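Novice: Fit chain B to the given chain A structure using the hints.
Protein chains: 2
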Amino acid sequence: MKRYLIGLVFLVTLAGSLCLAQTNQPAIIEDFKPSSKNQPGQEYPKVNSQGYARFQVVAPQAQSVVVSLGLGGTRGGTPLTKADDGTWMGTTAGPLEEGFHYYRLTVDGGVFNDPGTLNFYGSTRWESGIEIPAHDQDFYALKDVPHGNVVQILFPSASTNTSRRAFVYTPPGYDKDQSKRYPVLYLQHGWGEDETAWTNQGHANLIMDNMIAEGKIKPFIIVMTYGMTNDVKMGGLKNFDIKPFQTVLLDELIPYIDTNFRTLANQPNRAMAGLSMGGMETKTITLARPDVFSHYGLLSGGTYSPEDIKDKSKVKLIFLSCGSFENPDGVTKAAVALKGAGINAVSYVSENTRHEFQTWRRSLHELAPLLFKDK
Amino acid sequence: MKRYLIGLVFLVTLAGSLCLAQTNQPAIIEDFKPSSKNQPGQEYPKVNSQGYARFQVVAPQAQSVVVSLGLGGTRGGTPLTKADDGTWMGTTAGPLEEGFHYYRLTVDGGVFNDPGTLNFYGSTRWESGIEIPAHDQDFYALKDVPHGNVVQILFPSASTNTSRRAFVYTPPGYDKDQSKRYPVLYLQHGWGEDETAWTNQGHANLIMDNMIAEGKIKPFIIVMTYGMTNDVKMGGLKNFDIKPFQTVLLDELIPYIDTNFRTLANQPNRAMAGLSMGGMETKTITLARPDVFSHYGLLSGGTYSPEDIKDKSKVKLIFLSCGSFENPDGVTKAAVALKGAGINAVSYVSENTRHEFQTWRRSLHELAPLLFKDK
Chain A
115 MKRYLIGLVF
125 LVTLAGSLCL
135 AQTNQPAIIE
145 DFKPSSKNQP
155 GQEYPKVNSQ
165 GYARFQVVAP
175 QAQSVVVSLG
185 LGGTRGGTPL
195 TKADDGTWMG
205 TTAGPLEEGF
215 HYYRLTVDGG
225 VFNDPGTLNF
235 YGSTRWESGI
245 EIPAHDQDFY
255 ALKDVPHGNV
265 VQILFPSAST
275 NTSRRAFVYT
285 PPGYDKDQSK
295 RYPVLYLQHG
305 WGEDETAWTN
315 QGHANLIMDN
325 MIAEGKIKPF
335 IIVMTYGMTN
345 DVKMGGLKNF
355 DIKPFQTVLL
365 DELIPYIDTN
375 FRTLANQPNR
385 AMAGLSMGGM
395 ETKTITLARP
405 DVFSHYGLLS
415 GGTYSPEDIK
425 DKSKVKLIFL
435 SCGSFENPDG
445 VTKAAVALKG
455 AGINAVSYVS
465 ENTRHEFQTW
475 RRSLHELAPL
485 LFKDK
Chain B
115 MKRYLIGLVF
125 LVTLAGSLCL
135 AQTNQPAIIE
145 DFKPSSKNQP
155 GQEYPKVNSQ
165 GYARFQVVAP
175 QAQSVVVSLG
185 LGGTRGGTPL
195 TKADDGTWMG
205 TTAGPLEEGF
215 HYYRLTVDGG
225 VFNDPGTLNF
235 YGSTRWESGI
245 EIPAHDQDFY
255 ALKDVPHGNV
265 VQILFPSAST
275 NTSRRAFVYT
285 PPGYDKDQSK
295 RYPVLYLQHG
305 WGEDETAWTN
315 QGHANLIMDN
325 MIAEGKIKPF
335 IIVMTYGMTN
345 DVKMGGLKNF
355 DIKPFQTVLL
365 DELIPYIDTN
375 FRTLANQPNR
385 AMAGLSMGGM
395 ETKTITLARP
405 DVFSHYGLLS
415 GGTYSPEDIK
425 DKSKVKLIFL
435 SCGSFENPDG
445 VTKAAVALKG
455 AGINAVSYVS
465 ENTRHEFQTW
475 RRSLHELAPL
485 LFKDK
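Top line first, the protein sequences correspond to chains A and B.
So the number in the numbering used here is just where the residue sits in the first sequence, counting from 1, plus 114.
So the number in the numbering used here is just where the residue sits in the second sequence, counting from 1, plus 114.
Same shape as in the complex, but just chain A (with noise of 0.2 Å):
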């Protein structure tokens, strides 16, 4: 039952986050560049130092073009303008939040995506996507520094009768040291969203490669696979069965990673993670099942309250954060319980940030240093 309530949360949190801030704006600086997730050599859409998003889009015979921000579109629309040229120009009505945002064309009433940006796994869609530079973006850049590999691996599931994909972080030099054994993070995406989605929209490789550059962790694997959560639509949730991920996750896939890949394979170098539906997923799969998992993290994702936790004494480390827009004092008071009954929970919050991949990219840099740090 708890998990429906953690559901409704996130989605309740998703709906918290509809409106742009459009009063009182200054006036537009034009230092406008091509944003980072544009194809190659595509000039739109383009970001200005503010935060402000400027997009072109050629359709000459079209009506209506309207650029609509957000998961699922749901962040509001830029309507655009048509010029002379036949081309569609408009910009965002105030600054958008640092970090990465999903969006959509709808064109003539048609949702397309905008040819001049990459596309990215959400809302069960190869969506737009956008980056607005943050003050911050240095520990996700990419950076002159040994890089670790992310390896698509194809998997056996008997219970699903196919081979699925799943894509496993390696650290920087896990190929030269044959004797040299690690801890794994199993890292769930969100809703709509699915294994691709910490690598290509989280840049989780680059975070570890830069912390590991950096000597601030202790290098670790990461298993991202898909959660299964899109079988039902938002709203839905309450429909959403574990068991089957819990089955390809637990008999499947983490016996295959234990078996081709050197990892330390036993419950205190074991840590799941997930962010919105994917900390769902954690939550409800690491407190059934406290004999797999030692350090867990929900990102966006719920809390964990002191009654959830039936032995202590498994649990290395609870992690909970979301975005400063989001529910900041659920988890820090979440946190701040779990503490008073005497298990070692971290909660961190974004600064000025919602339910969007910066909030999930900053928690990532805030739980790797925390992680098998007692081995």
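Hints are computed from structural coordinates only; laboratory data are not their basis.
For clarity, every value in this text was computed on a predicted model and none was experimentally measured.
No residue lacks a Cβ here, since even glycine has one placed at the ideal position from N, Cα and C.
Keep in mind that the hints are not guaranteed to be accurate.
To be verified - Using 16 Å as the maximum straight-line C-alpha spacing, the simulated EDC-like pairs for lysine to aspartate or glutamate come out as follows:
(1) K290(A) x D291(B)
(2) K290(A) x D372(B)
(3) K428(B) x D405(B)
(4) K290(B) x D372(A)
(5) K294(B) x D372(B)
What the hints assert, rightly or not - Some chain B residues near chain A, calculated using beta-carbon distances under 10 Å:
(6) G200
(7) Y235
(8) F269
Stated by the list, open to error - If you anchor each label on the Cβ, the simulated ranges turn out as follows:
(9) S150(A) x N353(B): 20 to 30 Å
(10) D372(A) x H249(B): 47 to 57 Å
(11) T276(B) x E465(A): 28 to 38 Å
(12) A327(A) x G191(B): 23 to 33 Å
(13) P260(B) x D422(A): 33 to 43 Å
Specialist: Leaving out everything else, chain B in the frame of chain A:
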């Protein structure tokens, strides 16, 4: 100079594939099924058993929706017709050839992707794709066999001052037997494509998995990186300079692969092949540096003549292929001439295919068993 001619050859070949066969078509059989390249849960586009493709696009206020097939939409248009419910529907005028085809929509004069399909990098943009089931599709099907991995690496490139991406196919069992070393095939995409093409469009990893499971080939590693081919527009290929890519490949990527993967790091165990403009690159680089590669493959990418080969003792195999609707006589005769000169040359013609990925999937399937045989 010769490489310009090769460029010309494949452009002429491309131009020869612009029309669909449209005469005396049989009645359309109503057994349409969703294309295997559709996004999850999407019904359209659909394909029937004859190879007709049927499209449906939602754009209620649009005045015109046209589907254009082929690289860069060069293979003619299928105008869609508006139904009462605001959807646009249409079926190709004739059957399409077996295999994978790029396409795009033109909606009221603007070029967009079909929201029903996955996207594939071709024509220097992410394009829509559709799959016509082929009579021989079994060799690239996802089967219940041991699967190799596709490893995304980011390798340092001093010459281009960045970390560059490559994908590395490692055969099943690569991570288990740490004493085993493997030969390597460097495999290039064509103009307008990038390092994602051989796995996304070509299913190179599945082709390898299946052949290894059947014991048909000696397992080897495949490395795929961006050939830097897209800085020139089609038709301006004579301005293409191979040197920057040759430096990245020979001085940066190969040493990185030989350091970080368990390769057999010598000329007899190194092959290079490429499709279309990647064949042009293969020819230029293999001839310039016969000390690096021993096996050469040009897939719809021109031919070698006996005079090109300065030291026959260094060449273990030359493989030449194309589709039967391209220039089959050219590759067949070139192989005969090479054999006459004492060089181990093999030609292959893919039946009833054009300058498209079905030709290249089949070519890889023919090439793989011939590689590294004498080791």
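Novice: Does the interface hint hold: is G200(B) within less than 10 Å of chain A, judged Cβ to Cβ?
Specialist: holds (7 Å)
Novice: The hint says 33 to 43 Å between P260(B) and D422(A); measuring C-beta to C-beta, is that right?
Specialist: holds (40 Å)
Novice: Regarding the pair K428(B) and D405(B), is the alpha-carbon distance no greater than 16 Å?
Specialist: holds (7 Å)
Novice: Does F269(B) pass the interface hint, meaning its C-beta sits closer than 10 Å to a C-beta of chain A?
Specialist: holds (8 Å)
Novice: Please verify whether K290(A) and D372(B) have alpha carbons no more than 16 Å apart.
Specialist: holds (12 Å)
Novice: Does the CB of Y235(B) sit less than 10 Å away from some CB of chain A?
Specialist: For Y235(B), the interface hint holds, since the closest Cβ of chain A sits about 9 Å away, which is under 10 Å.
Novice: Is the straight-line distance between the alpha-carbon of K290(A) and that of D291(B) 16 Å or less?
Specialist: Given that 16 Å is the threshold and the Cα spacing comes to 14 Å, the pair holds.
Novice: Starting from the hint 28 to 38 Å, judge whether the C-beta atoms of T276(B) and E465(A) obey it.
Specialist: Given range 28 to 38 Å: holds, Cβ gap about 31 Å.
Novice: Mind checking the hinted window 47 to 57 Å against the Cβ distance between D372(A) and H249(B)?
Specialist: At roughly 41 Å between Cβ atoms, H249(B) and D372(A) fall outside 47 to 57 Å, so the hint is violated.
Novice: For the pair supplied as a hint, K294(B) and D372(B), confirm whether the alpha-carbon distance does not exceed 16 Å.
Specialist: Distance ~14 Å between K294(B) and D372(B) Cα, so the pair holds.
Novice: When you take the CB atoms of S150(A) and N353(B), is the distance between them in 20 to 30 Å?
Specialist: holds (28 Å)
Novice: Next pair to validate is K290(B) with D372(A); report whether the Cα-Cα distance is within 16 Å.
Specialist: Given pair K290(B), D372(A) holds - Cα atoms ~12 Å apart, limit 16 Å.
Hint compliance for this structure: hints 10, 12 are not met, and every other hint is.
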